[in-house]
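Novice: Listed here are the chains, written in short residue letters.
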Amino acid sequence: MFKLSRYFLLLLMVFSSSLLAVTEYELVLKDHLFFPSRITIPAGKKVKLIIHNQDDTPEEFDSFSLNRQKVIFAKRKTYIFIGPLQPGEYDFVGEYNPNSARGTVVVVKEAGGGDVN
Amino acid sequence: MLINTVILFLRDALPIFVLIGLLLGQVQLSKRVFIGSLFAGLACSLFFIQQVDVLGEMFAGTGLEITLWCLHFFIYCLVVLLGFSPLLFSSHDISRVNQIMACGLLVLIIVAKGTNFLLYFNGYLNQQNALQSMLIGTLLGLGICLSLAILLYFFTHWLNRKNGFFAPWLVLLVFATGQLVNAINLLVQVDVISDAAPIWNTQWLVDNESEYGYLLNVLIGYAATPTTLQIGLYLPLIIFPIIARYWWNRIATQTHRGESQ
Chain A
1 MFKLSRYFLL LLMVFSSSLL AVTEYELVLK DHLFFPSRIT IPAGKKVKLI IHNQDDTPEE
61 FDSFSLNRQK VIFAKRKTYI FIGPLQPGEY DFVGEYNPNS ARGTVVVVKE AGGGDVN
Chain B
1 MLINTVILFL RDALPIFVLI GLLLGQVQLS KRVFIGSLFA GLACSLFFIQ QVDVLGEMFA
61 GTGLEITLWC LHFFIYCLVV LLGFSPLLFS SHDISRVNQI MACGLLVLII VAKGTNFLLY
121 FNGYLNQQNA LQSMLIGTLL GLGICLSLAI LLYFFTHWLN RKNGFFAPWL VLLVFATGQL
181 VNAINLLVQV DVISDAAPIW NTQWLVDNES EYGYLLNVLI GYAATPTTLQ IGLYLPLIIF
241 PIIARYWWNR IATQTHRGES Q
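Residue numbers (this note's numbering), protein chains in the order written: chain A, 1 to 117; chain B, 1 to 261.
Calculated from the structure, these hints are not laboratory results. Possibly wrong hints are sitting among the right ones.
Stated by the list, open to error - Straight line, CA to CA, 20 Å or less: simulated EDC-like cross-link-like pairs of lysine to aspartate or glutamate:
| hint | chain 1 | residue 1 | chain 2 | residue 2 |
| --- | --- | --- | --- | --- |
| 1 | A | Lys75 | A | Glu110 |
| 2 | A | Lys75 | B | Asp53 |
| 3 | A | Lys77 | B | Glu259 |
What the hints assert, rightly or not - From chain B, some residues computed to sit far from chain A (all C-beta separations above 12 Å):
| hint | residue |
| --- | --- |
| 4 | Met1 |
| 5 | Leu42 |
| 6 | Met101 |
| 7 | Leu119 |
| 8 | Tyr124 |
| 9 | Gly164 |
| 10 | Asn185 |
Ideal Cβ positions, reconstructed from N, Cα and C, are used throughout, including at glycine.
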C-alpha cells in the first residue's frame, strides 16, 4: 500500500506541474501580425502564452529556439507553455505567413519581468 | 506563399517520403497495397482534420498534442515490431505480416504529418492568387521529397542485399526514434510533462532552420537545442530494441540447435 502511494506521489509530481500557478501572457494575431511582437518574460520560470488568432485563416506558431510548434485555428485561441529559459532572445514566427507574423520572446534575469512592450 | 509551401512541404511531407523510401527498400509491397495505403492515409487525415476541434478541447485543451504524440508512439512500436517479425513469425506468414505493418506505418505517418499540411491548404486555398504559388510550391517540394525518397530506397535496398534485414531496420528505427523524441515537445508545450531547459546548443554547427538542419531533423531527429528528457530517451529507445532483438535471436538459435540435436 505504501509502495503504491509512493508511485502515485511520483506520478503526481511529474504530471502536476500544470496545477501550479504560472504567469500568463497574451499574444494576439491580427492581419498576420503578432501583437505585441516582443514579450518580456523572467528567466528560469515557466510561463503560459495564450495566443488569440483573430484572422480568418489558421496560423501555426513556430519557434525552433523555443522548441514550440502549434496550430491556431481561425478565430480561436490556444496556449503553450514556455520555459524555464536562459536570458536571451527567442524568435517565433507564424509558419504560414513568416514574412509578416514575426515576434520575439525576450528573457530577462530581473525578477518579475512581466512587462509587455 | 511559394517559399512557405516549399518549406512546409519539406517539414511536414518529407518524413512521409523518407518512411516510404525506407519501407519500400526492405518490405515488398505490391503496387495495389501501396497505393491503397496512401489513399487510406489521406482519408484518415481528412477525418482527423474534421475531429481536430473536438480533440483540441479534450483533456483541458491538450487532446490534440496527446493524440499526435500517441500516433508517433504507435509508429515507433510498429517499427520495433517490424524488426522482430523475422523472429516472431514463420517464413510463410512474414511477408503478409510485414505488408500489414508497412500499411499501418504509412497510414499513421500520413495522419501524423499530413494533417498540418492539409490545414494549411484548406485555410489558404481560397485566398486570391494563392493557388498558383501553392501549386508551384507543392511541385517543387514534391520533387525534392521524391528525390530523397528514391535515394533512400536504393540505399536501403543496397543495405538489405548486403547486410540482410537488420541494417535497413536499424536506419528505420533511428528515424522512428527521432520522430518520437521530437514529438515529446508536443507534450511539454501543453505541460502534460515537464522538461528542463536545453542542455546544449549546436545552432552554430548545424542550424535547425538550414537545409541540413531540416534533413537531419527528419532522418535522425536532430535538434540543435535538445532537452535532458529528449537525450535521456533517444539512446535507450534505439539501444533496447537492438539488445532485445539480439537476445531473442540468440535464444531462438539455441532452441533451434537443441531441437536439431
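Novice: Evaluate each hint against the coordinates.
Specialist: Checked hints:
1. Under the criterion of a C-alpha separation no larger than 20 Å, the hint pairing Lys75(A) with Glu110(A) is inconsistent with the structure, at around 35 Å.
2. For the suggested pair Lys75(A) and Asp53(B), the alpha carbons sit about 12 Å apart, so the restraint of at most 20 Å is met.
3. Only pairs whose Cα atoms come within 20 Å are accepted, and Lys77(A) paired with Glu259(B) is rejected, the gap being roughly 64 Å.
4. Interface exclusion of Met1(B) from chain A breaks down, the closest Cβ pair being 9 Å apart, not more than 12 Å.
5. Under the 12 Å C-beta cut-off, the non-interface status given to Leu42(B) relative to chain A holds; the minimum distance is some 19 Å.
6. With 12 Å as the threshold on Cβ separation, the claim that Met101(B) sits away from chain A holds: the shortest Cβ distance comes to roughly 28 Å.
7. With a least beta-carbon separation of about 6 Å from chain A, Leu119(B) fails to lie farther than 12 Å from that chain, contradicting its non-interface assignment.
8. The claim that Tyr124(B) is not at the interface with chain A is violated, since a C-beta of that chain comes within 12 Å of its own (minimum 6 Å).
9. The claim that Gly164(B) is not at the interface with chain A holds, since no C-beta of that chain comes within 12 Å of its own (minimum 37 Å).
10. With a closest Cβ-Cβ approach of about 5 Å to chain A, Asn185(B) is found to fall inside the 12 Å limit, against its non-interface label.
Comparing the model with each numbered hint stated earlier shows that hints 1, 3, 4, 7, 8, 10 do not hold.
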